[in-house]
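*Asks:* Chain by chain, the residues:
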Amino acid sequence: MIIAQELSRHFGDIVAVDRLSFELAAGEVLGFLGPNGAGKTTAMRMITGFLTPTSGSASVCGHDVVADSLAARRHIGYLPEGAPCYADMTVRDFLCFIAETRELRGNAVRREVEKSIEMVDLGAVEEQRILTLSKGYRRRVGLAQALLSDPPVLILDEPTDGLDPNQKDQVRRLIAELGSDRLVIISTHILEEIEAVCNRAMILVDGRIAVDTTPTELRRRSRWHNAVRLRLLEERVGLEEQLGELSGVAELLSEESGRHWVLFAEGRKALLPTVRNFVEKNSLPVQTLQVEPGRLDDVFHDVTHGKLA
Amino acid sequence: MNWRAISCVFRREFSACFSTPLAWIFSAIFLFLSGVFTFYLGYFYERGQADLRPFFQYHPWLYLFLASALSMRIWAEERASGNIELLLTLPLSRASLVLGKFFAAWCFCGVVLLLSIPMWITANYLGEPDNGVIIASYAGSWLMAGGFIAIGCCLSALVRSPTAAFLLVGTVCFVLLLSGHPLVQDLVSGWAPAALVEAVSSLGFLPHYNTAVRGVISLRDLLYYFSLITAWLIATAIVLDRVQTR
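Protein chains in written order, with this note's numbering: chain Z, 22 to 330; chain E, 342 to 587.
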């Protein structure tokens, strides 16, 4: 449904997006990750037709975003960065305007507007002027606007920015639900959002794809993946050296001297059986023995600092 | 041409003109000044003639304010607020956007002109003016407003700041108003070939407007306004393309 081939965008001498190539199908929810200035927004702007690529091409549902831009845009619901909207209009009037630009007429306008107001829970403010709304409501108006006419492709630039934790949760559930039969691209700074919502994650660094994988796989790349956390009920002296020498332990992190350690696994392989054997053999008074799933922020840090690719 | 899309943009823009106080403030200034100029500078009473010549005489200069004020919000404000990203990614063709916005501002000018109808009624109350001439003058004034707005559309798309757009539109329209005047002619005639000097002077609004105020709108005038508006609107679309490829 979306095919990008060597998509690039330069601003003068600055290369914002550098030869981006990927394919996405319905049912995929892609999360764009990356530090500020990595090219996430620029990539989205090219796919939605706001910025013309310097080179390369992209197509949405078979329509080239430059040569056949209008047809491509008909298939996209887009929430731009900062959720711009006409602040002087009421929520309902604004949504009606957008619905009409999406070629809905008469009753269909009302029906679609009602539906999207309900989906993002805007009923309480639908007759209010947008300029009187809080940031969270404005963001949801932007989201409601993108959902009108039920486009097969949704591109959402930081959809949960400015929302409170409950609203964030609600919007994430909505996106995950929408993603079951649509193609969704979101960009975010929030790593747990990727796991909550996406089934594919792409980390962009300096305009290039550094990692393109599933969120689960992303977590596995963390040095914390399969690490074992061991905490004892009481302090044991001299244990640290023995733990460090266990086979398969790459590194030992002492959280609390003589009592609490994290054992990092060599090659991120399963380490728990070895540690459990050791614990049983020495009859250690265990308070906690658990396997770490891996840390996304750790992977993000390593990827964006060029340590992992 | 997708008229539905144009009408959709038109309706949104037209109603926005009414909901922003700025448009009303400038309209009020326009109407107030046109009245002041008519009575004080135009000697409406003292002339002893029942016509609206003094009223229409100052319209070109008043449009410098009104058209600049209306134009600055057409594109520059969209760029400043970031709404342009929303607008250009909606499934609307470039032509629908440019035309819808242009017609909305032009029609708003029409509404402002209609609000000056009491002046017309006054003239009819005081004497027996040639109403044909007055109708032609209204039409001429509205056509000229269209020219100003079209220029404003293009220049407003060029810049990101509404204030800069206001000043830019005002300046360029001022120069075009004076294009037959020695002030501008002297600037050009020193170095440019005679044909260009001639071209610059024929680009001006005033000759076409003055014939309308005398009660004549010829095909030549209509063609002038039509081509002027078309050319500037095409330029607007090109400028918007530049926004996307810059």
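Source of the hints: derived by calculation from the structure; they are not laboratory data.
All values derive from a computational prediction rather than experimental measurement.
All C-beta atoms, glycine included, are put in the ideal place defined by N, C-alpha and C.
Any given hint might turn out to be false.
For each label pair, taking beta carbons as the anchor points, the in silico distance ranges come out as [unchecked claim]:
hint, chain 1, residue 1, chain 2, residue 2, range
1, Z, E27, E, N424, 43 to 49 Å
2, E, R345, Z, D109, 21 to 27 Å
3, Z, P186, E, R345, 28 to 34 Å
4, Z, D318, E, T571, 36 to 42 Å
Reference listing, derived: stretches of chain Z covered by chain E, where coverage requires no fewer than 3 residues with Cβ under 8 Å from a Cβ of chain E [said to hold, decoys possible]:
hint, stretch
5, 69-75
6, 89-99
7, 254-265
Reference excerpt, derived from the structure (chain E facing chain Z, CB under 8 Å, subset only) [claimed, not checked]:
hint, residue
8, F359
9, L363
10, G423
11, T430
12, L431
13, N465
*Asks:* Hints numbered earlier in the text: which of these fail when held up against the supplied structure?
*Replies:* As far as the earlier hints go, 1, 3, 4, 7, 8, 9, 13 are violated by this structure, in ascending order.
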